[in-house]
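Enquirer: Hey, can you work out the whole structure from these sequences and the hints?
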Amino acid sequence: MTDADSLRVMPYDLPDADLHAPDGETHRCRVFVPPRRMAVIGKGSDPRVELNVETILADGIPVMRRNTGGCAVILSPRMLAVAFALFGKQQQKSSDYFCLFNGVIIRALHALGVTELEHAGTSDIARHGRKIAGTAIYRNREVVFYHAIVNVAEDPRMIERYLALPPRMPDYRAARGHADFVTSLDEQGFRLEFDAVHREVEEEYDRLMQPPFPPEA
Amino acid sequence: MIFVFKFPDIGEGIHEGKILEWHVRKGQTVNEGDSLVRVETDKVVADIPAPRTGVIRALFGKAGQVIHVGDVLAELEVEGQGDEIEIARGKPAPSRPHVEQVEEKGFGVVGQTEVAHDDAFLPATGEGIEEAGRVAHGEPQKVLASPVARKMAKDLGVDLRALSGSGPGGRVMKEDVQRAARSPKATAPATRRDAPVTTESAPSRVEYEELSQIRKTIIARMVQSKFTAPHLTAHEEVEVSALVALRRDLKAALAERGVALSYLPFVIRAVALSLQAHPKLNCRLDLDHNRVVYQRFFNVGIAVDTPDGLIVPVIRDAEQRSIAELAEIVADYAARARARKLSLDEIRGGTFSLTNYGSLAGTFGVPIINYPEVAILGVGRIMEKPVVRNGHIVPGHVLPLSLSADHRIVDGGDVSRFLLDLMKRLANPVTMLLE
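Each protein sequence line maps, in turn, to chains A and B.
Numbering-wise (my numbering), the first sequence opens with residue 1 and increments by one.
Numbering-wise (my numbering), the second sequence opens with residue 1 and increments by one.
In short, the hints are calculated from the structure, not lab data.
Fair warning: this is a prediction, and the values are worked out from it, not measured in the lab.
C-beta atoms are modelled at their ideal positions from N, C-alpha and C, and glycine is treated no differently.
No false leads were mixed into what you were given.
With a straight-line Cα cutoff of 20 Å, these simulated SDA-like cross-link-like pairs (lysine to any residue) come out: (1) K18(B) x V49(A); (2) K43(A) x W22(B); (3) K89(A) x Q320(B); (4) K43(A) x L20(B); (5) K18(B) x P170(A); (6) K18(B) x M169(A); (7) K89(A) x D317(B); (8) K18(B) x R48(A); (9) K89(A) x N31(B); (10) K43(A) x E21(B); (11) K62(B) x D34(B); (12) K43(A) x H15(B); (13) K43(A) x G64(B); (14) K424(B) x D206(A); (15) K251(B) x E116(A); (16) K43(A) x E16(B); (17) K251(B) x R107(A).
From the derived model, a few chain B residues whose C-beta atoms are all more than 10 Å from chain A: (18) K6; (19) D71; (20) A181; (21) E209; (22) R221; (23) K280; (24) R296; (25) A361.
Computed Cβ-Cβ distance ranges for the label pairs, DEER-style: (26) G412(B) x D18(A): 46 to 52 Å; (27) D18(A) x Q276(B): 30 to 36 Å; (28) D180(A) x F364(B): 52 to 58 Å; (29) E203(A) x R161(B): 52 to 58 Å; (30) L344(B) x H128(A): 49 to 55 Å; (31) E203(A) x L344(B): 50 to 56 Å; (32) Q28(B) x G24(A): 26 to 32 Å; (33) A196(A) x I393(B): 25 to 31 Å.
Expert: Have a look at this one:
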């Protein structure tokens, strides 16, 4: 029996797990701090390929499988999870939704003084070529569910401890290891309060979804 | 008929995905829109819906298998027979399906296979529409013809699309093909660019220029519209700060794909969606039969300013086009209109028109209806102006709108209700992503 055989992958049960279930609303937003350090793998991920199983098991890191795409990620209480769900007959390309929702996070962080953020690769948010946030989407004909993990203050070396090099990489990564590729807002010199980021993302989301005009007929 | 469904580009510009899970099995009846298969690409997990209603005849690929865009995912037995291409009106089908005659050797039956284009869209999501739009912007035309006429046309090398059918509903009959085969092929009149003509006495302070054919047509159409349809015009201003922000967000992404995004695609989509709820603005008057014809399709014409005069290419089924696809079509139409390379089909069949004078200068106008349509929207220049928000005066982006309508059939209330709907969409453009 190998280490990988003893790895238990649990269903995803974080606060945004049910966000994409239709409930009569047209859209929803949820922002939260992950309650503990954990690994979350993509819907089609192979944990044996994407995780350093030995250290995951040694450190007792729980592993969950989410419904969205993308490769494995490590969450921690020094990160912020952002999830948006749009319900209805979707018409746009996934890349447009990535751009739209990444824009919410970029503008929210900009309002807090974080400059020079940009959309990078398929769906990342980066600063000076280093990844600040990773995102993924699950969609069907009823919903587009987007979520992002923003690294507010976690040490990128922690990520390297638990994650193997992913099987797929964006060009801008240039085959860099996690510690060189990922950064945090804190590492970039932006000491932000979690509550402030949380509040600003929600407000920016509200601005996107509820502009002040027009009057009712 | 067999419908062959290929794995579409689901919108990340990547060319492969992994099958995670099949939701259907061979022999199962599915309805259009039912989830067929869950596929994962780099960052997206998508349930891909059935493109047509039918019975699953074959599935290709197993869970865990990597497939490429264009690979066949499924074959469906769908309704349809005969020797005509089935064109489903009212569906986002910008590209003509490829129909192959196939012989099922085991049974000796000649049937038909309709093959989804490699760039086929996901029917429920609109994914891939942009790519399909690159292939063909015009609506595929169904040529009604009897089987005998079709066979004869093929044998004699007659293009059915060039014929006017004498049969019921304009159906091309055997006699039409025979007549066309006997007559010499009509040659297209040479395009004549009329050179300016000056009087012989030089130097002259007066210059004469013969009217171009386009200008003659414009004159006739403008006069016909203005003196046939009593115009009413309403003006409005809508704050579009959210639209400005949304366009800024999407612009960068589309620029990577070589698409320049203006505001016009958003206005076109807002108009097309609003027309669905206000059929009066999309109808035409048929006074020969004393009736109103409500058109359940929304073909939006866009007035393009060219050196030769105004040309109005038509975006068919505009309500079914994504913003990205509309941006591509607008750019393509504008370029080809100025190069005089639009086909006749592309400049007729409109049900509503837009004139975007704001791209140059101008706030409000009194647009002239593109007769026999019954309404036209004039779009002015977006300006930063003070707006009142929550009791405070703040800067905002304001878009002026002018709507003219044929007052014989469209009342002021119709115009106001339509404008309200339109303004809601323009003020809150994210809602357009949900419709």
